[in-house]
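With the sequences and hints as input, model every part of the structure.
Residue numbers (the UniProt record's numbering), protein chains in the order written: chain A, 1 to 208; chain B, 1 to 208; chain C, 1 to 251.
Read the hints as simulated data drawn from the structure, not as lab findings.
Please read these numbers as outputs of a predicted model, since none were measured by experiment.
Hints should not be assumed to be uniformly reliable.
[Claimed, not checked] Listed below are several chain B residues computed to face chain C (Cβ distance under 10 Å; list not exhaustive):
{"no.": "1", "residue": "Val33"}
{"no.": "2", "residue": "Pro69"}
{"no.": "3", "residue": "Asp80"}
{"no.": "4", "residue": "Ala97"}
{"no.": "5", "residue": "Gln100"}
{"no.": "6", "residue": "Arg140"}
{"no.": "7", "residue": "His153"}
{"no.": "8", "residue": "Phe154"}
Positions of the beta carbon are idealized from the N, C-alpha and C atoms, including for glycine.
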Amino acid sequence: MNPLLRELEAMLFAAETPLSVADIMRLVGDREVSPDDVTALLEELAESYGPRGIVLVERGGRWLFQTAPDLGHIIRPTRDSPRKLSRAAVETLAIIAYHQPVTRPEIEEIRGVGVSAGTVDVLMEAGWVRPAGRRESPGRPLQYATTPHFLVHFGLESRRDLPGLADLKAAGLLDRTAPTELFGEMMAAETESEDSGAEPDAGVEADA
Amino acid sequence: MNPLLRELEAMLFAAETPLSVADIMRLVGDREVSPDDVTALLEELAESYGPRGIVLVERGGRWLFQTAPDLGHIIRPTRDSPRKLSRAAVETLAIIAYHQPVTRPEIEEIRGVGVSAGTVDVLMEAGWVRPAGRRESPGRPLQYATTPHFLVHFGLESRRDLPGLADLKAAGLLDRTAPTELFGEMMAAETESEDSGAEPDAGVEADA
Amino acid sequence: MSDQFDLPIRSAPNELTLSLDGWEGPLDVLLALARAQKVDLSKISILALVDQYLVFIADARSLRLELAADYLVMAAWLAYLKSCLLLPPDPEADPDPQLLALQLQFQLQRLDAMRDVGARLLARDQLGRDTFRRIEPEGVRITGKPVWDCSLFDLLSAYGAIRARATHSVYAVKRRAVLALDEAIERLERLLGVAVDWTEIARFLPESEDSEYRRSALASTFVAALELTRQGRADLSQTEAFGALMVRGKP
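Okay, structure coming up:
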């Protein structure tokens with residue numbers, strides 16, 4: 001077995017957090033090895049673990065060992081069961097994941113209901129969501145985005161792997177306002193109106 | 001790969017503590033498998049990890065994964081980190097070099113300032129100073145002397161190569177004008193308290 | 001109290017059975033009603049949806065359920081939207097009711113999509129539920145091995161400093177040769193009494209090999225001359241800038 005492969009294996013096994021190629025380069029020291037070499041070795045190592053009960057996976061550019069997903073039932077009884085998320089929390093998480101960076105008023109607009117104080121907190125406590133700077137708009141509202149741990153937790157290689165992301169994008173459902181081209185067909189039935197693009201936001205926010 | 005082998009692998013990887021065959025039997029449930037089967041599988045699994053950077057070992061009848069014993073340096077790699085010796089340490093080293101064997105009270109008397117234990121520790125850690133027996137006087141204080149490594153580091157053939165006071169004077173190292181000297185003394189007094197020579201946080205922690 | 005909310009309420013026209021417990025606002029109710037139309041949300045009939053919502057609200061009120069204000073605001077807004085949609089199209093209408101209907105439809109689709117992907121996200125293999133990591137990994141970290149930097153020069157100059165400190169531990173101020181001002185006044189006064197004519201001030205300076213003392217004497221003698229002039233006991237004269245400074249005693 002390639003000596004460096006063994007070293008990577010030991011490193012990843014002992015690491016407290018998933019390791020990026022840059023982390024590994026730092027640990028490897030000044031040996032003659034390029035980041036590309038490391039990436040190739042990581043892929044080789046991951047493949048060698050394919051059939052095993054432990055697998056090596058990449059999440060957001062960081063690598064970690066975890067148990068094979070089909071063996072959850074073996075370990076689950078030995079661990080505390082994770083807290084069940086409320087429906088509000090799941091929706092809020094989905095909105096943050098698919099619309100990030102997103103502000104609280106935007107989350108409320110999409111859900112059509114106020115976000116209670118605890119909801120975002122629960123997601124932050126779980127380590128899935130983080131504040132992501134302020135929006136440069138009136139009131140400078142705080143924005144939220146997902147964390148690297150979110151990818152680790154939900155087994156996503158990157159944010160592009162969010163389920164259904166491409167479809168939602170194509171359907172315009174990740175836009176802030178109704179896409180005007182969607183209107184096309186329905187508008188056709190209607191007489192030409194000059195203010196077709198005006199105030200699409202007036203929608204459900206009657207209670208605002 | 002044998003399904004039970006995969007399960008054992010995942011179990012041992014995620015276990016809180018090393019697992020005995022009895023523990024494993026409990027986790028495996030009421031499948032038709034004997035303790036001997038489990039032992040045989042554990043041995044097979046351990047063998048399959050033989051050449052890897054992670055190994056499966058038995059310790060007191062309990063099994064656990066750990067990094068291969070020859071790879072300890074991979075988990076805790078060390079890097080040279082050059083550090084400036086504190087003024088207190090340099091002076092203490094100079095006194096030990098010129099007056100060896102010398103006790104700590106003597107060093108303090110010559111310096112005119114207290115010498116913290118940490119200062120001598122740093123010099124010992126650097127490999128320049130060693131304990132050199134006890135003085136046969138009341139309290140039997142420990143004496144210090146320089147090491148062969150000290151001579152190598154400073155490029156000296158022997159201790160006699162250290163320039164004498166006359167040489168120092170000739171080289172201008174003994175004549176300090178009053179203001180500079182006063183300043184130096186003040187600095188020494190100021191830094192003495194906190195500056196024992198060793199930064200307590202010696203490890204440059206590159207968080208993985 | 002939740003028992004009351006669990007009461008099933010009948011809602012026309014799709015025989016949709018609703019309970020008010022657990023609704024997350026009017027949009028949530030609207031989405032449930034829209035889904036009950038069993039068509040693609042993009043082809044949904046907004047008019048039918050509005051009717052269903054108004055029936056839902058009417059039913060809830062007939063059961064004397066406490067409805068939050070936003071449910072009623074939504075009902076009022078939908079009633080208005082419905083009336084606009086039924087009227088002949090008015091090109092001047094602002095906002096355009098068709099557009100408002102489309103916006104509502106977009107919001108329902110978007111919320112539905114978020115629920116769908118939320119469920120899909122949770123159905124993935126989750127760490128701590130389906131996959132597991134080691135409980136207490138050792139951690140990897142680089143430890144620094146200190147390499148102490150100290151040259152022979154550092155060592156020797158430190159020792160030199162210690163020895164110097166020991167030998168010159170008492171700092172004594174060296175007495176410098178100066179001609180004090182009162183001494184200069186006394187001296188100048190005495191000399192002026194002898195020489196009555198204009199005399200260059202330099203000629204009154206004491207003779208000395210010590211240049212520092214001569215500089216000091218020049219300064220104090222000059223000041224002494226100024227002082228005596230101020231007191232009216234001497235005259236000072238200088239014919240040009242930087243020229244010779246002449247002094248004469250006044251009886």
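How the hints compare with the structure:
1. Annotation: Val33 of chain B was flagged as interfacial toward chain C, and the flag is violated, the nearest CB pair being 22 Å apart, outside 10 Å.
2. Restraint check, Pro69 of chain B versus chain C: the minimum CB separation of about 13 Å is more than 10 Å; hint violated.
3. Taking 10 Å as the C-beta cut-off, the interface hint given for Asp80 of chain B holds, the closest approach to chain C being about 5 Å.
4. Look at Ala97 of chain B: its Cβ gets to within about 7 Å of chain C, closer than 10 Å, so that hint holds up.
5. Hint on Gln100 of chain B is violated. Least Cβ distance to chain C is approximately 13 Å, over the 10 Å limit.
6. Against a cut-off of 10 Å between C-beta atoms, the interface hint on Arg140 of chain B is violated, since the closest Cβ of chain C lies about 26 Å away.
7. About 8 Å separates the beta-carbon of His153 of chain B from the nearest beta-carbon of chain C, less than 10 Å, and the hint is met.
8. Among the interface hints, the one on Phe154 of chain B holds; its C-beta lies about 5 Å from the nearest C-beta in chain C, closer than the 10 Å criterion.
In summary, the numbered hints that this structure violates are 1, 2, 5, 6.
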